[in-house]
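Top line first, the protein sequences correspond to chains A and B.
For the record, in the first sequence the residue sitting at position 306 is 306 according to the UniProt record's numbering, with numbers rising by one throughout.
For the record, in the second sequence the residue sitting at position 65 is 65 according to the UniProt record's numbering, with numbers rising by one throughout.
Misleading hints may appear alongside valid ones.
Below are the SDA-like pairs computed for lysine to any residue, each with C-alpha atoms no more than 20 Å apart in a straight line [claimed, not checked]:
{"hint": "1", "chain 1": "B", "residue 1": "Lys17", "chain 2": "A", "residue 2": "Asp147"}
{"hint": "2", "chain 1": "B", "residue 1": "Lys59", "chain 2": "A", "residue 2": "Ala429"}
{"hint": "3", "chain 1": "A", "residue 1": "Lys354", "chain 2": "A", "residue 2": "Ala429"}
{"hint": "4", "chain 1": "B", "residue 1": "Lys17", "chain 2": "A", "residue 2": "Lys354"}
{"hint": "5", "chain 1": "B", "residue 1": "Lys17", "chain 2": "A", "residue 2": "Ala429"}
{"hint": "6", "chain 1": "B", "residue 1": "Lys88", "chain 2": "B", "residue 2": "Lys101"}
{"hint": "7", "chain 1": "B", "residue 1": "Lys17", "chain 2": "A", "residue 2": "Glu384"}
{"hint": "8", "chain 1": "B", "residue 1": "Lys17", "chain 2": "A", "residue 2": "Asn380"}
{"hint": "9", "chain 1": "B", "residue 1": "Lys17", "chain 2": "A", "residue 2": "Thr150"}
{"hint": "10", "chain 1": "B", "residue 1": "Lys88", "chain 2": "B", "residue 2": "Val6"}
Facing chain A, a subset of chain B residues (Cβ under 8 Å, in silico) [claimed, not checked]:
{"hint": "11", "residue": "Tyr9"}
{"hint": "12", "residue": "Arg11"}
{"hint": "13", "residue": "Thr13"}
{"hint": "14", "residue": "Leu34"}
{"hint": "15", "residue": "Asn37"}
{"hint": "16", "residue": "Pro38"}
{"hint": "17", "residue": "Leu39"}
{"hint": "18", "residue": "Gly40"}
{"hint": "19", "residue": "Met62"}
{"hint": "20", "residue": "Arg69"}
{"hint": "21", "residue": "Leu108"}
{"hint": "22", "residue": "Val110"}
{"hint": "23", "residue": "Met114"}
{"hint": "24", "residue": "Val115"}
Everything labelled a hint here was simulated from the structure, so no lab data went into it.
Every residue gets a Cβ at the ideal spot worked out from N, C-alpha and C, and that includes glycine.
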Amino acid sequence: MEHFLKTILYLIFIIIIILLALAVVLAALGKSLGVRQWYINKLLVLFEFGRVRINSYAEHERHRFDIVESSEEGLPEDDTLSETSQESETPDADSYTVIRRDISISATEGIKIPSKRPDYDMSWKREFNISDIMYFLKCGMESIIQDDVTQRFAAEELKSWNLLTRTDLGYQFISWRLTFLYGIGCAIRYCILLPFRMILCCCGLTFLIVSTFLIGYFPDGKSKRTLNRIFSLMAHRILCRALSAVVTFHDSDKYRPKNGICVANHTSPLDVVILSCDNCYAMVGQSHSGFLGVMQRALSRATSHIWFERSEIKDRHLVSEKMKEHVDNEDKLPILIFPEGTCINNTSVMMFKKGGFEVSPVVYPVAIKYDSRFGDAFWNSGAESMVRHIYNIMTSWALVAHVWYLPPMTRLEGEDAVSFANRVKAEIARAGGLVDLEWDGQLKRMKVKETWKSKSQQDYSKIIKTD
Amino acid sequence: SSNQIVRLYSRFTRLDKNNRGVLTREDFLRIPELAINPLGDRIVHSFFLESQCETVNFKQFMSVLARFRPTKSKEIKNKLNTREEKLKFAFRMYDLDCDQKISRDELLAVLHMMVGDNISEEQLNSIADRTIAEADEDGDRMISFEEFKKVMERVDVEQKMSIRFLN
């Protein structure tokens with residue numbers, strides 16, 4: 001009996017080793033067996049099934065509730081109901097909409113009327129009316145219920161459940177089958193996939209450190225660069241597999257940058273790993289201590305990255321000097337920067353800081369969009385630590401991402417850095433299917449400035465000025 | 001409807017960063033769009049009038065928001081979203097000291113908040129005077145709630161103070 005068990009364990013062990021080796025070798029060669037793609041497709045079928053089930057249950061519930069409520073409702077409610085059912089056909093960029101906004105305020109554009117209702121048309125108004133406060137009141141109340149900004153700093157709500165506990169919106173017990181699937185899903189994810197991925201991750205990291213260490217001994221020159229490229233790609237592909245990342249690169253051959261500045265939207269620190277699967281980048285960032293510091297030093301041995309001390313970051317001039325120097329050198333790798341400055345939850349693109357756009361007139365935009373059905377890639381840096389975040393990603397189903405390389409954009413004559421940044425931002429938002437917002441990502445942590453009130457005040461004054 | 005309540009509750013918990021089950025003024029002002037609203041402070045204040053202390057719990061949160069529901073033609077049990085209540089809410093925006101009258105100074109204060117520095121003091125004064133003159137009936141140079149209601153007769157309060165919920 002014991003002998004039998006031992007052979008079984010031995011066998012399993014061998015299989016695992018073979019699978020690991022296969023993963024590593026495939027990663028090294030840059031090829032894929034298509035296993036992950038198949039896995040993704042099967043998962044999609046599963047989610048579809050789940051969605052249908054949940055929808056039919058929800059319909060059933062709502063029907064039951066409506067019968068109770070409709071006995072209380074009066075006539076005016078009927079037109080709003082039919083209106084809303086028409087509106088709900090149009091797909092929303094984010095499913096977190098409770099109300100339809102009638103009036104909104106922004107720091108740069110003042111008062112906006114998104115719904116274009118005729119009774120809100122204030123252009124014919126000429127004088128102050130005591131009821132004017134109602135506009136601001138309503139705007140304030142609407143923003144309390146639903147606003148554009150705060151929702152970007154929390155994980156996106158999914159249209160339907162993807163069988164992870166994390167996104168469980170309190171779905172009650174719906175059917176035996178779903179619960180069963182959920183249970184199996186948990187088992188698979190935690191017991192089989194997680195250890196596998198962790199081992200792969202360790203492999204990848206050691207590979208990276210060792211290879212950069214060895215490459216560091218080579219003299220600077222073309223061979224060093226080629227070696228670096230090969231090994232860096234290999235290491236990152238292993239890491240990608242460690243996360244079960246299925247990344248589709250669009251237009252990779254046409255627009256992949258060889259040097260210069262590359263800008264992308266930021267969702268998680270793992271963006272860097274994903275982008276590095278296809279192309280090598282030089283990174284710009286704050287030098288950390290601890291494990292991250294070790295990584296930074298290791299990477300720096302193989303090729304030149306730009307790391308700053310915290311105190312130096314404040315010195316903008318120094319930063320842009322170093323970047324310019326790097327960009328002008330044709331041999332160096334393209335610099336990857338994330339102009340948003342912080343992690344945003346991948347439903348929108350927030351204001352780009354102009355710093356990176358002042359360095360060079362040509363910029364290569366890249367748009368990254370994660371498919372949130374398989375796992376949320378957003379790092380809520382306020383709520384969870386980096387380790388927890390990576391743990392979350394490893395225990396999700398997979399990390400599916402689309403990366404679009406966009407054609408390079410050039411700053412026009414007389415265009416200043418801010419408008420250039422906005423133009424690039426609009427392009428990235430369009431390519432990735434994200435909402436383009438002009439709010440600052442730093443609002444995650446900082447308070448609003450008093451001066452931003454002035455635009456809407458200006459708008460209003462224009463309306464009631466009688467001369 | 002229950003779906004809307006669930007959503008509003010999840011919004012409440014999202015705003016409540018410290019997870020204490022109540023909201024403070026800071027939690028409200030963390031919404032950028034509210035913070036740059038010229039009347040932002042007053043709006044936040046209105047929630048706290050309801051609760052009489054420094055925190056707002058969910059029930060108070062909802063009762064303030066309930067005033068912005070669209071009015072229904074039939075009189076129903078929900079007494080908070082009638083036209084009268086909406087008008088009272090707007091009145092309280094002006095009337096800070098709660099003496100049931102809007103004085104000239106209170107009117108000027110609100111005007112200031114709404115236009116910032118863009119209109120001169122004299123113009124603001126004349127606007128305030130004109131508004132009071134138009135509304136004042138008993139000659140006390142202040143606007144009482146009754147006079148307020150009268151001025152608002154022609155104004156479509158239901159539309160202006162109703163938020164359209166999606167189901």
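Going through the hints against the structure:
{"no.": "1", "hint": "Lys17(B) <-> Asp147(A)", "verdict": "holds (16 Å)"}
{"no.": "2", "hint": "Lys59(B) <-> Ala429(A)", "verdict": "violated (39 Å)"}
{"no.": "3", "hint": "Lys354(A) <-> Ala429(A)", "verdict": "holds (17 Å)"}
{"no.": "4", "hint": "Lys17(B) <-> Lys354(A)", "verdict": "violated (30 Å)"}
{"no.": "5", "hint": "Lys17(B) <-> Ala429(A)", "verdict": "violated (29 Å)"}
{"no.": "6", "hint": "Lys88(B) <-> Lys101(B)", "verdict": "holds (12 Å)"}
{"no.": "7", "hint": "Lys17(B) <-> Glu384(A)", "verdict": "holds (14 Å)"}
{"no.": "8", "hint": "Lys17(B) <-> Asn380(A)", "verdict": "holds (13 Å)"}
{"no.": "9", "hint": "Lys17(B) <-> Thr150(A)", "verdict": "holds (11 Å)"}
{"no.": "10", "hint": "Lys88(B) <-> Val6(B)", "verdict": "violated (27 Å)"}
{"no.": "11", "hint": "Tyr9", "verdict": "violated (10 Å)"}
{"no.": "12", "hint": "Arg11", "verdict": "holds (6 Å)"}
{"no.": "13", "hint": "Thr13", "verdict": "violated (11 Å)"}
{"no.": "14", "hint": "Leu34", "verdict": "holds (5 Å)"}
{"no.": "15", "hint": "Asn37", "verdict": "holds (5 Å)"}
{"no.": "16", "hint": "Pro38", "verdict": "holds (6 Å)"}
{"no.": "17", "hint": "Leu39", "verdict": "holds (4 Å)"}
{"no.": "18", "hint": "Gly40", "verdict": "holds (6 Å)"}
{"no.": "19", "hint": "Met62", "verdict": "violated (11 Å)"}
{"no.": "20", "hint": "Arg69", "verdict": "violated (10 Å)"}
{"no.": "21", "hint": "Leu108", "verdict": "violated (11 Å)"}
{"no.": "22", "hint": "Val110", "verdict": "holds (6 Å)"}
{"no.": "23", "hint": "Met114", "verdict": "holds (5 Å)"}
{"no.": "24", "hint": "Val115", "verdict": "holds (4 Å)"}
Hints 2, 4, 5, 10, 11, 13, 19, 20, 21, counting from the list given before, are not met by this structure.
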